[in-house]
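Participant: Here the protein sequences come in this chain order: A and B. In terms of the numbering used here, the first sequence opens at residue 1 and continues consecutively. In terms of the numbering used here, the second sequence opens at residue 1001 and continues consecutively.
Bear in mind the hints are in silico, worked out from the structure with no lab data behind them. Where hints are given, some of them may not hold.
[Said to hold, decoys possible] Mimicking DSS-like on lysine-lysine, the simulated pairs with C-alpha atoms at most 27 Å apart in a straight line are:
hint	chain 1	residue 1	chain 2	residue 2
1	B	K1186	A	K427
2	B	K1188	B	K1136
3	A	K371	A	K81
4	B	K1186	B	K1136
5	A	K81	B	K1188
6	A	K299	A	K371
7	B	K1007	B	K1136
8	A	K161	B	K1007
9	A	K299	A	K379
10	A	K299	A	K81
11	B	K1014	A	K161
12	A	K379	A	K296
13	A	K296	B	K1007
14	A	K91	A	K81
15	A	K161	A	K81
Since this is a predicted model, take the numbers as computed values, not measurements.
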Amino acid sequence: MIQIQYDTQRLSMRFFMLMLVLFIIQVGFGMLIALQHIDPALLAGTLNFNIARAEHLNLGIIWILSGFIGTILFVGPLLSKRELASPWLIKFLFYALVAVTIWNVIAQSFASSGIAGWWMGQPWIQEGLEYLEAGRVADIIILVGFSILAYVVLRTFPPRKEWNEIHWGLALGVVALTLVWIFGLFFIERQDVSEYFRWYVVHYWVEGVWEVIHISLIGFLLVLLFDANVKSVGYAVFWGVALVWLSGLIGNAHHYFWIGTPEFWQFWGSLFSALEPLPLIFCFWHIYLDAHNDRKPLKNAPAFYFILGSVVLEQVGAGILGFTMTFALTNVWSHGTWVTPSHAHLALFGTFGMLGIAAAYYAVPLMRGLKDYDERMGKLAFWLVFTGMLGMAFAFALGGTVQVFAYRTLGLDWFGGDIFPAMNFFKVLVPVFGTLFTIGGLLIAYDLITMGYRAPAGAPAKTVHANPGGTRFATGWGRYLTGYESGIWLLGMWFFGAVITFGLLSFNLASVQAGNPTLPYLLASIGYPGLLLVTLLFVWRFLASMESRASEPATILDGPSSQALGQAG
Amino acid sequence: MTCAPGKPCEEGRKRRGAFGILGVMALIFVALSVASFLKSRNQAVPANVSYGVHSAVDGKRVFQAYNCMGCHTLLGNGAYLGPDLTNIYEHAGPAWLEAFLPSAGGWPTATAVQVHLQGSGPSAAGGTNSLDAYFKQYPGAAERVHRRGGGTTHMPNLSFRPNEVARLIAFLKYTSEMNTEGWPPKPKVDGLGFALATPMPGLAAADAGAGNPAAGPDAQAAIDPAAHGGQLVKQSGCTACHAPDTTRLVGPGWGGLYGSTVTLADGSTVQADDAYLAASIRTPDAQVASGYPPGLMPSYAAMLDDDQVNAIVAYLRTLSGAGQ
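Extracted from the complex, chain A is given alone in its bound form (with noise of 0.2 Å):
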């Protein structure tokens, strides 16, 4: 295990902590509203639905963020070889943040009495637009934070000519963040204008810069944990980068559907989000070679989960599912109902929050001096917000598909009287879920806040299973995974994306606009289930042969395969 080489690499841990206490608070209210969508009397008048709401989604991007920050300072020494730039600047900008967001905590509890501090024309508190509802006073502070990380960072870098894919990758990453959240501070009159404009921010954080960012993050993780070639994983993120722009740019007309823009965009972002996959396909595929360069055991089992979890739940989540509802004739029925959140949770804490907390796998217990720790408890909290996530989904692409039925198709829109009875089952699915995925957040951040200071638990800390032989490979579910096998399940998964991509297409037909729901709940019914089983199953065969290897015989620790792509430069 590597040491920590440089001092301003510790400025990171701050960032991991917070990212940690902003995570559970943000999964309370998860909870909170979504008992609210079961009784939705539960705290009204007091802490209304649509403020614990913009509060869920606004602690859900400061976390996310606030991990992405500590991962690009942990490896930001490691990539230039040297210290961070300006570490009172790092400083600063953690104050700013922990005071941005209390203070935009409390600002949006003004909606309740609609007040959002108009001044110049602005909304100064709070603004009521989707994911951007933080007022002005904290945009600011939040353009200034941009700022800030994207001077530190390419202050630390070395020349540009010395850069590698990696440092490009974040380079762009951080700049077009804090270019992009410009577009989000002005209030705008039309309404198809101020939508076409709230996705510039939306779309182009998390399909451009954060999905650039978490391909050049996951490249490192990746160099660190398997001494992957710094080359060879690089010249990945180059096309990952690449793929991304490419087909995320006009991609972000699959938002310009129905917002009161022209029909042209339906063909413009039916296309060319389709080809959004590209670039997860080719992660994926990624993660595979690069685990796959030798037959080591893990060094760090639960960072490792967490980048799996990462990799696989972009592609299920924002690959798949996102694939599914992208075109014009799926998306007119799937817009504005549950199948989306389905979407959008796998996707965003699948893709981006779990990078974070595995780069705080990673991190903290170098940073904290230990030479090893007690795995278990970070596994154990891997496959609680793993399934706890991956259920939550099938709940609201169910409840979702009874809801395009219901709403859509049958025109029912009393949601009190005939939507919520009908979605119920699946509307108390959803915490049911979720308290899976609390427990394990939970013991994410007491695992991770308090590594290194409490006892160790008595059991060793990797599991090193009797093997009395000494010589005898892994069989059956533990065997090695080959890249053919990998290629099976990725194909299993589109399959089920396939079918549940079919099961809104069939919206459309005559019989189902006539009243009969059977197509399109049996194929929802088929797709999303197997798709999400397939997903839980190809990530435990997956682990499993990752985790048989500490068993395996040290003679062919080094394969073949490491010489061939080489051993870290």
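Fit chain B to the supplied structure of chain A, relying on the hints for placement.
Facilitator: Relative to the frame of chain A, chain B by itself:
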């Protein structure tokens, strides 16, 4: 798309190429965007839409200030707790919205909608002040009144300031005028005939009542004015704003109101006797209680005859001990 160490991978050249293609794509995107907002598209714009004297632009500010998008979708974007609001103006119309929004915790009854049809705003915008004609023009209002009228909603009461309701209606009028390329899709069937639709509450009761119209309100009034008043306050939608105890919903609670001393907005006080209560029902703005904005409660003078007003006052009298 892998590159072995030591091999020339020409990242720099490929990066420049990717930026080049990206630039072309950005040009396409900008061109499409410019075409999207040309005047010749004739898309509705809020600056040209108003409701009475209120502009849809002001309405958008109200819409954002209350974070309506945090529960509802608009153009399909937002949260999924409540229904989409894009076309609610087109479906339910201004009078229904005027009756609903100030007391969003309760569904408006027919009387509540009719009261608002008297106002200049809805009748000018809706073109009618007959309830039947209004329901024909806005079938969504008829469905809401007949199925839900008098019930409670899942929406909390919001304490709108004067004119905010009218501004919101202006904004919703604007969004319903927008061309959204056919979204949301128009249902091809009448969903109310399907099992997922809640059976109409009180359908059986309405049938029974329709059987002998002679035994209507008048017959009951002869028996007990207070009981009749208790029915009238539900039918007229009074209970959407007034609680039978001392709770303040939108207007003051009725518990202990009768006989109490009411402080008016101008600082004077008045005894809440028969005459004051009857006058408050007929001309609410004449003597507004302190702490309540004028114009919030509509006049029921044209809706309720003398007997009915007296019955309601009699009902209020029975609540004089409640909640004290």
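Participant: For each hint, tell me whether it holds in the structure or not.
Facilitator: To see whether the hints hold, each was checked on the structure:
Of the pairs offered as hints, the one joining K1186/B and K427/A holds, with about 26 Å between alpha carbons and a cut-off of 27 Å not exceeded. With a CA separation close to 19 Å, the supplied pair K1188/B and K1136/B stays within the 27 Å bound. A C-alpha spacing of about 23 Å is found between K371/A and K81/A, which places the hinted pair at or below 27 Å, so the restraint holds. At most 27 Å may separate the alpha-carbon atoms for a hinted pair to count; K1186/B and K1136/B meet this at roughly 18 Å.
Distance restraint check for K81/A and K1188/B: the Cα-Cα separation of roughly 65 Å exceeds the 27 Å cut-off, and the hinted pair is therefore not satisfied. For the hint linking K299/A to K371/A, the alpha-carbon distance of about 11 Å falls within 27 Å, and the restraint holds. For the hint linking K1007/B to K1136/B, the alpha-carbon distance of about 76 Å lies beyond 27 Å, and the restraint is violated. In summary, the hint linking K161/A to K1007/B is supported, as the alpha carbons are separated by about 18 Å, within the 27 Å threshold.
Using a Cα cut-off of 27 Å, the hinted pair K299/A and K379/A holds, with the two alpha carbons roughly 13 Å apart. Pair hint K299/A plus K81/A holds up; C-alpha atoms about 23 Å apart against a cutoff of 27 Å. Pair hint K1014/B plus K161/A holds up; C-alpha atoms about 15 Å apart against a cutoff of 27 Å. The suggested pairing of K379/A with K296/A holds, with an alpha-carbon distance near 19 Å, which does not exceed 27 Å.
In summary, the hint linking K296/A to K1007/B is supported, as the alpha carbons are separated by about 26 Å, within the 27 Å threshold. Distance check on the hinted pair: K91/A and K81/A sit about 21 Å apart at the alpha-carbon level, within 27 Å; holds. Between the alpha carbons of K161/A and K81/A the distance comes to roughly 15 Å, so the proposed pair stays at or under 27 Å and holds.
Hint compliance for this structure: hints 5, 7 are broken, all remaining hints hold.
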